[in-house]
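Visitor: Spelled out from the first residue to the last, the chains are:
2 protein chains.
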Amino acid sequence: METKIVLKDSEIPKTWYNIVADMPNPPAPVLHPGTGKPITPDDLAPLFPMSLIEQEVASQRFIPIPGEVRKIYALWRPTPMYRAKRLETAIGTRSRIYYKYEGGSPAGSHKPNTSIPQAYYNKMAGRKRIATETGAGQWGSALALGASFFGLEAKVYMVKVSYRQKPYRRMLMEAYGAKVVPSPSEDTKSGRRILEGDPDSPGSLGIAISEAVEDAATREDTSYALGSVLNHVLLHQTVIGVECLEQMKIANDYPDVVIGCCGGGSNLAGIGFPFVRDRIAGSKKTRIVAVEPSSCPTLTKGVYAYDFGDTARLTPLLKMYTLGHDFVPAGIHAGGLRYHGESPLVSQLFHEGLIEAQAFQQTAVFGSALTFARAEGILPAPESSHAIHGAIVEAKKADEEGKEKAILFNLSGHGFFDLAAYDDYLSGRLTDYEHPESKIREALERLPKVSE
Amino acid sequence: METKIVLKDSEIPKTWYNIVADMPNPPAPVLHPGTGKPITPDDLAPLFPMSLIEQEVASQRFIPIPGEVRKIYALWRPTPMYRAKRLETAIGTRSRIYYKYEGGSPAGSHKPNTSIPQAYYNKMAGRKRIATETGAGQWGSALALGASFFGLEAKVYMVKVSYRQKPYRRMLMEAYGAKVVPSPSEDTKSGRRILEGDPDSPGSLGIAISEAVEDAATREDTSYALGSVLNHVLLHQTVIGVECLEQMKIANDYPDVVIGCCGGGSNLAGIGFPFVRDRIAGSKKTRIVAVEPSSCPTLTKGVYAYDFGDTARLTPLLKMYTLGHDFVPAGIHAGGLRYHGESPLVSQLFHEGLIEAQAFQQTAVFGSALTFARAEGILPAPESSHAIHGAIVEAKKADEEGKEKAILFNLSGHGFFDLAAYDDYLSGRLTDYEHPESKIREALERLPKVSE
Numbered sequence: 000m001e002t003k004i005v006l007k008d009s010e011i012p013k014t015w016y017n018i019v020a021d022m023p024n025p026p027a028p029v030l031h032p033g034t035g036k037p038i039t040p041d042d043l044a045p046l047f048p049m050s051l052i053e054q055e056v057a058s059q060r061f062i063p064i065p066g067e068v069r070k071i072y073a074l075w076r077p078t079p080m081y082r083a084k085r086l087e088t089a090i091g092t093r094s095r096i097y098y099k100y101e102g103g104s105p106a107g108s109h110k111p112n113t114s115i116p117q118a119y120y121n122k123m124a125g126r127k128r129i130a131t132e133t134g135a136g137q138w139g140s141a142l143a144l145g146a147s148f149f150g151l152e153a154k155v156y157m158v159k160v161s162y163r164q165k166p167y168r169r170m171l172m173e174a175y176g177a178k179v180v181p182s183p184s185e186d187t188k189s190g191r192r193i194l195e196g197d198p199d200s201p202g203s204l205g206i207a208i209s210e211a212v213e214d215a216a217t218r219e220d221t222s223y224a225l226g227s228v229l230n231h232v233l234l235h236q237t238v239i240g241v242e243c244l245e246q247m248k249i250a251n252d253y254p255d256v257v258i259g260c261c262g263g264g265s266n267l268a269g270i271g272f273p274f275v276r277d278r279i280a281g282s283k284k285t286r287i288v289a290v291e292p293s294s295c296p297t298l299t300k301g302v303y304a305y306d307f308g309d310t311a312r313l314t315p316l317l318k319m320y321t322l323g324h325d326f327v328p329a330g331i332h333a334g335g336l337r338y339h340g341e342s343p344l345v346s347q348l349f350h351e352g353l354i355e356a357q358a359f360q361q362t363a364v365f366g367s368a369l370t371f372a373r374a375e376g377i378l379p380a381p382e383s384s385h386a387i388h389g390a391i392v393e394a395k396k397a398d399e400e401g402k403e404k405a406i407l408f409n410l411s412g413h414g415f416f417d418l419a420a421y422d423d424y425l426s427g428r429l430t431d432y433e434h435p436e437s438k439i440r441e442a443l444e445r446l447p448k449v450s451e
Numbered sequence: 000m001e002t003k004i005v006l007k008d009s010e011i012p013k014t015w016y017n018i019v020a021d022m023p024n025p026p027a028p029v030l031h032p033g034t035g036k037p038i039t040p041d042d043l044a045p046l047f048p049m050s051l052i053e054q055e056v057a058s059q060r061f062i063p064i065p066g067e068v069r070k071i072y073a074l075w076r077p078t079p080m081y082r083a084k085r086l087e088t089a090i091g092t093r094s095r096i097y098y099k100y101e102g103g104s105p106a107g108s109h110k111p112n113t114s115i116p117q118a119y120y121n122k123m124a125g126r127k128r129i130a131t132e133t134g135a136g137q138w139g140s141a142l143a144l145g146a147s148f149f150g151l152e153a154k155v156y157m158v159k160v161s162y163r164q165k166p167y168r169r170m171l172m173e174a175y176g177a178k179v180v181p182s183p184s185e186d187t188k189s190g191r192r193i194l195e196g197d198p199d200s201p202g203s204l205g206i207a208i209s210e211a212v213e214d215a216a217t218r219e220d221t222s223y224a225l226g227s228v229l230n231h232v233l234l235h236q237t238v239i240g241v242e243c244l245e246q247m248k249i250a251n252d253y254p255d256v257v258i259g260c261c262g263g264g265s266n267l268a269g270i271g272f273p274f275v276r277d278r279i280a281g282s283k284k285t286r287i288v289a290v291e292p293s294s295c296p297t298l299t300k301g302v303y304a305y306d307f308g309d310t311a312r313l314t315p316l317l318k319m320y321t322l323g324h325d326f327v328p329a330g331i332h333a334g335g336l337r338y339h340g341e342s343p344l345v346s347q348l349f350h351e352g353l354i355e356a357q358a359f360q361q362t363a364v365f366g367s368a369l370t371f372a373r374a375e376g377i378l379p380a381p382e383s384s385h386a387i388h389g390a391i392v393e394a395k396k397a398d399e400e401g402k403e404k405a406i407l408f409n410l411s412g413h414g415f416f417d418l419a420a421y422d423d424y425l426s427g428r429l430t431d432y433e434h435p436e437s438k439i440r441e442a443l444e445r446l447p448k449v450s451e
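Protein sequence lines correspond, in order, to chains Y and R. Taking numbering that gives the first Met the number 0, the leading residue of the first sequence gets 0, the next gets one more, and so forth. Taking numbering that gives the first Met the number 0, the leading residue of the second sequence gets 0, the next gets one more, and so forth.
Simulated from the structure, these hints should not be mistaken for lab results. Just so it is clear, the structure is predicted and the values come from calculations on it, not from any experiment. All the given hints hold, so there is nothing to weed out.
Any copy, or any two copies together, can satisfy a pair, since identical chains are not distinguished.
Think about it this way: if two alpha-carbon atoms lie no more than 25 Å apart in a straight line, the pair counts; the simulated DSS-like pairs of lysine-lysine are:
hint	residue 1	residue 2
1	K448	K300
2	K248	K84
3	K7	K84
4	K7	K70
5	K70	K84
6	K70	K404
7	K127	K84
8	K122	K84
9	K84	K13
So that you can see chain Y by itself, here it is in the shape it has in the complex (with noise of 0.2 Å):
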């Protein structure tokens, strides 16, 4: 084959794959933090517009991907699937590698892949303006892109210490026209009583995300936006994997294992659910694997349970697999996957046994990211990096086997914002980080109590 197979606009899929209509159980209920009664659409709906909470609840196979969105996506989707051949000869492996690069688009990740129709849906609804928290920034400029495209307000709650350690970031989603604040900040009732308390309060995803709900609650034209987590932006994200089915066949191959990072579950979603189809269908055997940082192990270490979706305990309780809503991760680069939860429909997934989870430290991570970064040319941001990591650790494993596999993995962004992690590596000040058990076993006590 050709070193990458790239597919026309014409083929940009014409539906989201929704992987409930396949799961062998239904999802399990999101509850209501009050009631502790399973909520209802009408309960969402002072967040969302209608349609984006009909996703949630969907359970028809396919859900039709508008138009309009289509016509954006072709911006920079198909993206292209790669053969990593001089990936393949640097680490000497009798493994073909296959890697899918969604750091092409705009804001240089999947992310816009869902900020898209989010953006659209809020449009149509009639909605002007969207709220939403970022902490790194990557989700941040994905949804600036999108409101800037559907001539939509954008207002960005930024983790108070991310807006002063990554200014470009912040420069990226103003570029697009959005309006970032600091968070904690004055403009909600949230981040005043935060900043009364301690007025240098360096912030939290958990008070960002208080804010921004609290904005688009108290404010008829505005919603609320997630970029993970949620079975909407799960679905959005599988165009990544519907576009690598088809390119497989191009390639005329198919993967023995599929690999993606994880922090809320988008990324490993994304590029996993469509072969965890063919997997239930009995077709495939591919493996579907999640990894992890080991600072943050929530799939290998965390329990399965209903808990918060953040620390200041605002949202439904998910099922899902959870460090506690209070567990604070060291503060490893990839910032990305630095969640103490997980997407209710990968946990769900996990817990069958139709997806693994492996967790790796940063400092083989980043070694394994410039192994590829000087093989492949990419420099890849250090949350994929860790699914780079995986495939070369599946790869070497095999080679120890006697076995040839095919292994495909989700690079999901590129590393351009990133390199102060990389210069941290290069001169020796990067370490690693594991959480004492004792830590997670305190975090874990605190779970809300649900009888189910």
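Given the coordinates of chain Y, work out where chain R should sit on it, guided by the hints.
Guide: For chain R alone, coordinates are given in the frame of chain Y:
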């Protein structure tokens, strides 16, 4: 047509286009700075492998692209050509605007089109090291990438003020394995001499060139490499325009105007020369437009004369448009366009009326850059934004004249490393600058005396 036209790996051009074969007059000779006589290939042998010297003086129309280079090109080439429909709507034009996007290369610009073959030919010639200079870092990172692919050591002399101001570019080069030193450095005689006189020297491109040339000239295993200006560099960049010719056929269109930004000339030549060929042949009347910054108006306010390529007067004498080798352009954000001279080939074609030139101020350019980013999604590099502005001006002029034109421009790179410049623009801190005529006149009085 579709939003973008993509080609397959197998459609990567098999030859570069050498415009020397079609120019109305042969290129003016390059002169030895000591003797004032035309230089010979042997004069250049200490600096470049003979295969590149042969390309520098070649006269055949098509020069084969080695298979190994085409394989590496396939990591990002062929690059997409877009129909900028969303931009057309945003500015309300009736013209058809197309752009070729080169920012998807691993280093983020068109520069790897020449760094890859340069590294390849050096490898084939048995060289172990390449020395080069870099200002803002765009070329340095492309060369670091090329060297990494062929297992060569890269030594980059980076202008000290940029080394301090643009750490991310330095880190990217190091991630690819290059050795980067701030110039002036202790590693060369030229550097030490400057440091003795001024330990705090901020450096300059002129000094960095001297260091890299000395490094290459004094080490048997080392070559020197340039990122623009020279004939072989422009030759390699024609892969851009050759692809565009194919993509225009698929779009069933042909440009009335082709636009590129212009500093050393490789950007404009890359997209423009294959179209100049059709114009010389008389089959088309396409206008080729070089866009330069008003603060470095080489083509629009310089003279066509023999001059040094560097400030330190070490290079051979080139017949080119120049503002004088010791002219210091204002510190605009488009660092890649701050060059006193111009490629001899572009200069000669401009002199003969086959290329036009326009100059714009940077605030207007950044305004157009943001219009583009919010319509098409891609955040453009400040250099490339000059071409965007030129295209928008061209479209508006056509609208005023009641005409419909097909306009093609080269979007040569992304602006992820230039967000501070966007921040300056959005905060109103960006200013325009035009040098007084007297400053240019003074610099031109110091041109070397050459009897032609």
